[in-house]
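Colleague: Chains as they are written, first to last, in my numbering: chain C, 276 to 431; chain G, -7 to 47; chain U, 251 to 498.
Worth flagging that the hints you see were computed from the coordinates, not collected in a lab. Among the hints, a few may not be true.
Pairs of lysine-lysine, BS3-like flavour, derived with a Cα cap of 30 Å [said to hold, decoys possible]:
no.	chain 1	residue 1	chain 2	residue 2
1	C	K327	U	K422
2	U	K263	C	K285
3	C	K418	U	K263
4	U	K422	U	K364
If you're wondering where the values come from, they're calculated on a predicted model, not measured in any experiment.
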Amino acid sequence: MKLPRARQAKRRRLMVLLLAALGLGTAAALTLTAFDDHLVFFHTPSDVAAHKVPVDRQMRIGGLVEEGSVERVAGSPVIRFRVTDLEHAVPVTYQGVLPDLFREGQGVVANGRLGADGTFRAAEVLAKHDENYMPSEVAEALKRSGRWQEGAAKPK
Amino acid sequence: MMAAFLDMGGYAAFVWPAWLLSAAILVAVSVSSVRRLRALERELAEAEGGRDPHS
Amino acid sequence: MNWHRYASPANFKRLSDRLLPWAAGGAALFLAAGVWSGLVVSPADYQQGETVRIMYVHVPAAWMSMFVYANMAVAAAAALVWRHPLAEVAGRAIAPVGAAFTFLCLVTGSLWGKPMWGTWWVWDARLTSVLILFFVYLAYMALNAAFDEPERGARASAVLALVGAINLPVIKFSVDWWNTLHQPASVTRLDAPAIDPSMLAPLLAMAIGFTLFFVAVAFVRIRAELVERRLEALRHARVAGEAAAERT
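This is chain C alone, in the form it adopts within the complex (with noise of 0.2 Å):
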């Protein structure tokens, strides 16, 4: 099949484009891939529990802030509370501010050192939310109806 110049041009444009985003598509699946595991903003409880975290080195752990666990020593500025991933928990000091967020049974991440003793001393605390929006009768009504809990959805 003979086809005018132009479009053989056009086509031969066109493979060469395809290729391309074969190519480039390849390359970038196999570099995200290889960095998997480096692209971790947070490590888990789990993790922390499996020795699978440095000790004493600054990173940061992520999970949900214990029910019960929040305890400020009394005349001293220290908070303390356990982050938790549902398997395992990771006690954790700090002193500052804490985001507004802040609460048992909410997604947090801190950022700190883990101590031999197993305690992790953080720097800094940040809240992470989940991706529910409502208003809060729409909330009382669902926990009420019990179809839906507070900080059910597990966090990653």
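With chain C's structure known, arrange chains G and U on it following the hints.
Modeller: Leaving out everything else, chains G and U in the frame of chain C:
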């Protein structure tokens, strides 16, 4: 009532800048785009020697 | 198939003359509805209080930053393969609008992150990939302006636009592939949106308003690019004509 609205539950310093910046960017983008088109169309009309640029 | 004819500059002008008032009017209507319902009618969030209202500008800006880029990438492919004149100017025309939306997304996200997360910025996969998108926009614009001949600038930046398109799926799925501080998608997911209808309404109104705004501005800006190309051609013709006159 109005004061409570402006206060945004204590988050006025975050909510209002976000909305005002959005408005500013939409206005800036649209106004600059229309102005540039008008200026260029004027220039084209002159370059074509007063002929109707829309022909 | 000769669809070039239907997208020729002259036809584009006719089309944009007809559609521009509708896009601009629709944008004004939906944005007004979005402002009213987003700031006044919609309720505060059970967790985030009034800061949830930042979502109504932040999320549409984020969507637009990716939507404009997707348009740019399609135009780049059409420009490279078919050398389509309209596609060549389209990317150049809409890139600054996309960059503006990305900038708006980053700043409003920062304004939302400070009170809720407790920080203006973190280097998690979502925030970082959106920042990269912003830089790709800037690089695209710089590359476009870096050549004396607009055709060469258009071709070089079209390649960059296609390479940068890899970033789009990375942004979208960053919150699913890696653990991030940013929460996963609330609306664009397979099951029902995780947003109460009273909050989804202003969000969608703003998103439609932003989209129509972009369509209207794109019409104006592509028209301007076409006029500029015509001016350029006239200038070349005049220089050539003068040179010819001198020789005789």
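Colleague: Are the hints correct? Go through all of them and say.
Modeller: These are the hints, each one checked on the structure:
The hinted pair formed by K327 (chain C) and K422 (chain U) meets the criterion: a straight-line CA distance of about 28 Å does not exceed 30 Å. This hinted pair checks out: K263 (chain U) and K285 (chain C) have alpha carbons roughly 26 Å apart, not beyond 30 Å. The hinted pair formed by K418 (chain C) and K263 (chain U) fails the criterion: a straight-line CA distance of about 56 Å is larger than 30 Å. This hinted pair checks out: K422 (chain U) and K364 (chain U) have alpha carbons roughly 22 Å apart, not beyond 30 Å.
Hint compliance for this structure: hint 3 is the single one not met.
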